[in-house]
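**Q** Protein sequence lines, in the order shown, are assigned to chains X and G. First residue of the first sequence? That's 694 in our numbering, and the numbers climb one at a time after it. First residue of the second sequence? That's -15 in our numbering, and the numbers climb one at a time after it.
The set of hints was computed from the structure by calculation and includes no laboratory data. Note that the coordinates shown come from a computational prediction; the quantities given were computed from them, not determined experimentally. Some clues are possibly wrong.
[Unchecked claim] Anything over 12 Å on all C-beta distances counts as not near chain X; from chain G, calculated: (1) 5; (2) 28; (3) 61; (4) 140; (5) 237; (6) 239; (7) 247; (8) 272; (9) 281; (10) 296.
[Stated by the list, open to error] Taking beta-carbon pairs under 10 Å as the criterion, some of the chain X residues facing chain G (in silico): (11) 997; (12) 1088; (13) 1238.
Note that beta-carbon positions come from the ideal geometry of N, C-alpha and C, so glycine has one too.
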Amino acid sequence: MSSVSTASCAPPASGAQVLATLVPARALARRAFRDARVRTVSFAYLFGLYSYIQPVGYRHAYPTVADRAGFSRSFSDNKAIRLFYGLPHDLLTVSGYAAWRVGGTLAIVAAVFGLLAAVRALRTEEDTGRMELVLAGDVGRRTAYLAAMGAIAAGIAILWLAELAGFVAGGLPVGGSAYLALATVSVVPVCVGVGAVASQLAPTRRIALELGGAVVGLMFLLRVIADTVSGVGWLRWATPLGWAEELRPFSDPRPLVLALPIGVSALLLALAARIAATRDVGTGVVPARDTAAPNPRLLSSPTAQALRGERATLIVWLLSIGSFAFILGMISTSISSAGISKSVQEEIAKLGAGSILTPSGYLAFVFVFFILAVSLFVCAQIAGARREEAEERLETLLAQPLSRGGWLAGRLLLAASAAAAISLVAGLLTWAGAATQGLDLSLPRMLEAGANCLPVALLFLGIAALAYALVPRASSGLAYGLVTVAFLWQLVGSLLGVPKWLVELTPFEHVGLVPAEAFKAPAAAVMVGIGLLAALLALGAFRQRDLIGR
Amino acid sequence: MSDHAARPPQAPLEPGADAALAAIRTEGLSKRYGDTVALDSLDLTVRRGEVYGYLGPNGAGKTTTIRLLLGLHRPSAGRGELFGVDSWRDPVAAHRRVAYVPGEPFLWPALTSAETFEFLAHLRAPTLGADGRELPGTDVAYRDTLVERFQLDTRKKIRALSKGNRQKVQLIAALATRAELLLLDEPTAGLDPLMEMAFRDCMQEAKDRGQAVFLSSHILSEVEALCDRVGILKQGRLVDQGTLQELRHLGAQTVEVTFTGATPQLPPLPGVRVESAGPRALRFEVTEGIGQLVDALAEAGGSSIKTLTSREPSLEEIFLHHYDGFDGRVER
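Could you put the whole structure together from the sequences, leaning on the hints where they help?
**A** Now the structure itself:
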């Protein structure tokens, strides 16, 4: 799309000139693609596996037409479920189910992919000064920009193929699967556009991610409101995640809707290209504040200083988890099991969603996602510690009379405390959200639900720390990967009918679904114990290795 | 932090016993990264109050040596001590009397220089000096002087500073500790000539104050001007070390002689190379026995000598000597 607009405004080029731009552009695009390969491959695995498992699981769990009819009746109107998976159009067929269950979830993942890809390819390259090096050569800004976008386009194609392959392997028809996968990845270019514009506005990578993250969060929020609050279904047209739904794969395909993501992403990408062509390289449109009066707070120790560095991130987490919890609390009041038969309720339980037919059952289901979020947060904290080492600041710190163990223990303590704060805020605001609707949940019980996020998070914190101590370069990927796999396994393991002990390998399976169920103290104690043990081993191992840069 | 309470027994408080300890001592210190030998059995002693120049081209193992000395990397063999404390076994105690300037100025981008100073100062508890008196972790008054001298705007955030300015931040923070040993890894990389002069002044002050300095560098003039002793590193091995005076013995001394008349014929002399330096001038590269050259010149017609100049080899010549076709240890 951008290539069209550039071609029209550029003077007619000779063959040699075209070649002169094409050769470096290809080299740059290849480089960018290589840089992103780990992320692309991880997301592709996720897309492929998830879209394979869902149709297979559905067939396994609801083999007969009667099963499916019951399931459809109970779920079509369940607002809670719509929140995560979007609006179902047809739950009587395998493909309709897959479209709903996979499309809704993967569209969110796709949005995150687009944002990360764009910020990495544009803002990070400038932050590190590499863009300057590239532009100093025989490469124009437009070429560099197009090369980056070309690499991301290749990544999108891979995601599309992975999802398609998953569906086809799961027994869905090829044509419909291709369309469904297209609906999912249609979100990506729009979010790439968002990330590209954010990369022009923000002066640093972190601010660009936070800016883009806010927009993606808003997209999700709009879809949630459109799908759950009656009378505002039109809001679906205001968010790319809604467009993916309105494409209605399998049930009632409306390919014309594709014009929306195509048009909007073209607009955003062209806007970003325009800004990129006019501003100074290495800066953002929003200027960075480069001087400041000294602020002596949080400088007294490495841990205090780490908190100072992570402060902004922590606030973003608290705000987003908090507002999400508040909305979920509000919505929870509309959940009821009226009109759903006992047998169907049992079927629903097979989804791994527990009893989501009462407010507390629903909240218990929702809190599994908070456990996931807090676990990902601790992974991000370990990634932050690793960045400190990779960028060699740790060398400056540890050349002081400071012990390595003390430094790492401080970081772990910080991560654990921040995770606790996020968990409790989730519990508190869920309670507050429900309270605004007149639903009187018990506050201590909801705080308990929040605290219930911690055992799993601490387990993963310990394991991530151990990975950091033993294999520093691979540690972030390992930690994030482990959490994701453990979560998905809990989600789909029971659906697939694999042996119980295999399903129980994931810690998520051992969580008491507070507030619907009781807190499972023994399991929590075991998880915290393993986490602590892993953390202690990490402290020992970290003491024994070289500090390793990039 | 309870640094004082944790002071280990191997750093004794009596000045007498303490003074005997070298600032740096390594025994067979070695490091392999995979198949690469980065440092091969280094034996090195830097006395207290001594300024030691550590020379070598990029990749010779200078930074590796410093990382091992600080216990940031684990020795594959051998050991390194700072003031008698094994720096791998007990890095916290080893670092107490040491300040370090890394080769790359990576600092916290969101902090200003002033905040960086504040933060780094918090990390150093007061220490006991050689005379048993308590020294502050950071000399704030001296730091302010240094900020003046290096013309640093401390309100600027690190991310807005150029490489040279970030280098200044590291240098000032390290110098302001007044630590008994300064480990400097190519500290003047990125500094402009004026700032380099300021740096030399600071080094002179450190020397006068009795601080030891381990100066890793490949800027020969800097080392020649500042250092008491010099070590030359080549591919992870210390190929030569000594005072400049000692090192000069192995480099060729240059003697130039001009004559009033025609240049005389001299017999071939071992260790002396002759070349013409003009119609009435000869240049001799003398590696050994300057006496025999003087005798030979006198015999061949000492009265016709108009001028005679002799020049010692520069550090650059010594350095190039080690890197020009020689492989391994040089004969003395």
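**Q** Decide, hint by hint, whether the structure agrees.
**A** Hints and how they fare:
{"no.": "1", "hint": "5", "in the structure": "17 Å, holds"}
{"no.": "2", "hint": "28", "in the structure": "19 Å, holds"}
{"no.": "3", "hint": "61", "in the structure": "14 Å, holds"}
{"no.": "4", "hint": "140", "in the structure": "5 Å, violated"}
{"no.": "5", "hint": "237", "in the structure": "42 Å, holds"}
{"no.": "6", "hint": "239", "in the structure": "47 Å, holds"}
{"no.": "7", "hint": "247", "in the structure": "55 Å, holds"}
{"no.": "8", "hint": "272", "in the structure": "44 Å, holds"}
{"no.": "9", "hint": "281", "in the structure": "56 Å, holds"}
{"no.": "10", "hint": "296", "in the structure": "37 Å, holds"}
{"no.": "11", "hint": "997", "in the structure": "9 Å, holds"}
{"no.": "12", "hint": "1088", "in the structure": "6 Å, holds"}
{"no.": "13", "hint": "1238", "in the structure": "7 Å, holds"}
Of the numbered hints stated above, the single one contradicted by the structure is hint 4.
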